[in-house]
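Enquirer: Same order as they appear, the protein sequences are chains A and B.
Residues in the first sequence are numbered consecutively from 637, following the numbering used here.
Residues in the second sequence are numbered consecutively from 32, following the numbering used here.
It cannot be assumed that every hint is accurate.
[Said to hold, decoys possible] Below, computed lysine-lysine pairings styled on DSS-like, alpha-carbon distance capped at 27 Å: (1) B:Lys239 with A:Lys715; (2) B:Lys190 with B:Lys175; (3) A:Lys715 with A:Lys773; (4) A:Lys688 with B:Lys178; (5) B:Lys161 with B:Lys175; (6) B:Lys161 with A:Lys688; (7) B:Lys83 with B:Lys175.
[Claimed, not checked] Computed footprint of chain B on chain A; a stretch qualifies when at least three of its residues, placed anywhere within it, have a C-beta under 8 Å from a C-beta of chain B: (8) 664-674; (9) 716-722; (10) 795-802.
Hints in this document: simulated from the structure, not taken from any laboratory.
Don't be surprised by glycine CBs; every beta carbon is placed ideally from N, CA and C.
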Amino acid sequence: MNKPLDPAATVTRAEVEDFLYHEADLLDSWRLDDWLGLLTDDASYYIPPNDKPDGDHRFTLFTVADDIVRLRERIIRLKDPNCHAEYPPSHTRRLITNVRITGVDGDVILVSANFAIFRHRRYEPAPRQFIGRYRYKLKRTDAGLKIFERRAILDAEELGSMGAVSFLL
Amino acid sequence: MSANRNGNGHSNGHGNGQYVIEDLANLTFQVHRKVFVSPEILEDENRAIFDKCWVYVGHASELKNPGDFRTRSVAGRPVIFCRDRKGEVRALFNVCRHRGALVCREREGNTRQFQCIYHGWTYNTDGSIKGIPGDDAYPPGYDKQGKGLTPVARLEHYKDFYFANLDPDAVDLHTYLAGAKDYIDLVVDQSPSGRMEIISGVQEYDIKANWKLLVENSVDDYHLVTTHSTWLNYMRNSGVNVTPTKDHMLPTKGFGKDLGNGHLTTDNPNYRGRPVARWISVFGEEAKADIDEIRKELVARLGEARAERVANTNRNLCIFPNLVINDGSSVTVRHFTPVAPDLMHVTAWALGPVEETEAQRARRLHAFLTFYGPGGFATPDDVAALELAQQGYAAWREVPWTDLSRGMGSSQEQLATDEGHLRVFWRKWYELMGPKAESRP
């Protein structure tokens, strides 16, 4: 009898790292339509509130809780020059580290990574820094790895001087 | 004529001085931008406004059980907002009577006592002193019982919204709230039992702008079309009709109202959808029947007219000086505190009826994030607009006047896209600040 396919056995950390670095490059380059291409058709994107990092968006007020419909609308907004908070677009630089495959749940590959994101804007003397961890649920498809769920969890006790999270974290 | 009106003090009952000039002859209302940049004026505001007015502390639903506590900042002071073991809600300065350290460092929790980590003084949840280690070293007659945590001078609530006042002689809260009570009632009436609750998850973020700019922005419907065009696009893409009416800038014509005592609100027929009984396509087809049921309950309990008010109007309510309750796409409770002339700290929660089902609560939170909050489709652009304004005030000496004249001289009721309700705030600000501000060189 054949064993069911183990997705973890079919993906390496190096492959996941390449994927996350590619994603970071797309976001830092504001190639947002290409970034959408990395998502499954039912993907979601979450930023939990700073005081409830393990919260559930159905019961807890998040900073961002997008299903794919709203996520597509968010990209439309971010590309619009009338998205005032991001026009001209911020210069962002993401450092992605500590990438690990943490488990497998059915066809989903669980990945964790740490991030440090620096956001620079004109007239702001110092960059705004966003530090935290990612929790990904990836799926392997015929077109390669895709993001099924993406959760950016900030370490800070409050958003505070980060201000608004107007770009994709 | 106008020159006579300007600079002659309170003769017409409004702010007519150096910083707030209401010119009834020429129908202009101007605010001097020094009030957004001056550290001295901020210091005066702290004394004349934040130390004298009722400021929001928290909601009873955040303290469900005896011993529950939340650490808060009230007018810049560290405060423990808690329910004591007997069930009474308290606001205690979070300051040890011995050497002044914070005695509670956690954001929230449940406890039997607060213990200072420095020398171990302990306090009961009603603030009374519980223990002083080594108290035999104090002289005979030492007033140990008098060393409880100091309560904030006044703590009162209206329908579970708790406010504190540092001034023991302040007028009572219900009188202070004046006409704002009717608009709190409209929010609370969403709940069949009249009980609303703060939903878990807080949004705390800074805006690099003067705090008064967020008062203006919270109730200013004039900015919606330009600042929030991407949100309007999102609504349009989702099948919501956001086309302005023939004779107005917005899809519905709403009003800006003076509620007395410096409180103000917008009052708009809804077009943007509400989790309470106003379906829009964004909620999904499956939500239609559920929202119809909510509507039926409202009508049965409140009658058609009142249900219509609760379900089909949006209201952005500002309670002087710094609390905003937006009852729009969802309900937000948001207050903001100045840190510096060009920096404020914003704290915001979502509010919902305690009876909501899981699906209704999820819909409310989803609706919240379409517009509000630091990751919403609209608030980040408000933040951008306010920060740009603050940057512009670097030229306050050369370009000194902010203009708030929209709707002046109109024979009609003030629209939400007018600035009549913003002027309500500024007149109250001037009433409390005028004489102090004028004395500043």
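Enquirer: If a hint holds in the structure, say so; if it does not, say that too.
Expert: These are the hints, each one checked on the structure:
1. B:Lys239 with A:Lys715: holds (24 Å)
2. B:Lys190 with B:Lys175: Violated. B:Lys190 to B:Lys175 sits at ~36 Å, over the 27 Å cutoff.
3. A:Lys715 with A:Lys773: Measuring from Cα to Cα gives roughly 26 Å; hence the hint holds.
4. A:Lys688 with B:Lys178: Since the Cα atoms of A:Lys688 and B:Lys178 sit roughly 35 Å apart, the hinted pair is violated (cutoff 27 Å).
5. B:Lys161 with B:Lys175: holds (10 Å)
6. B:Lys161 with A:Lys688: violated (32 Å)
7. B:Lys83 with B:Lys175: violated (31 Å)
8. 664-674: That given contact is violated, which follows from only 0 residues of the stretch 664-674 of chain A lying within Cβ reach (below 8 Å) of chain B.
9. 716-722: holds (count 6)
10. 795-802: n = 8 at 8 Å, threshold three: holds.
This entry does not satisfy hints 2, 4, 6, 7, 8, going by the numbered hints stated previously.
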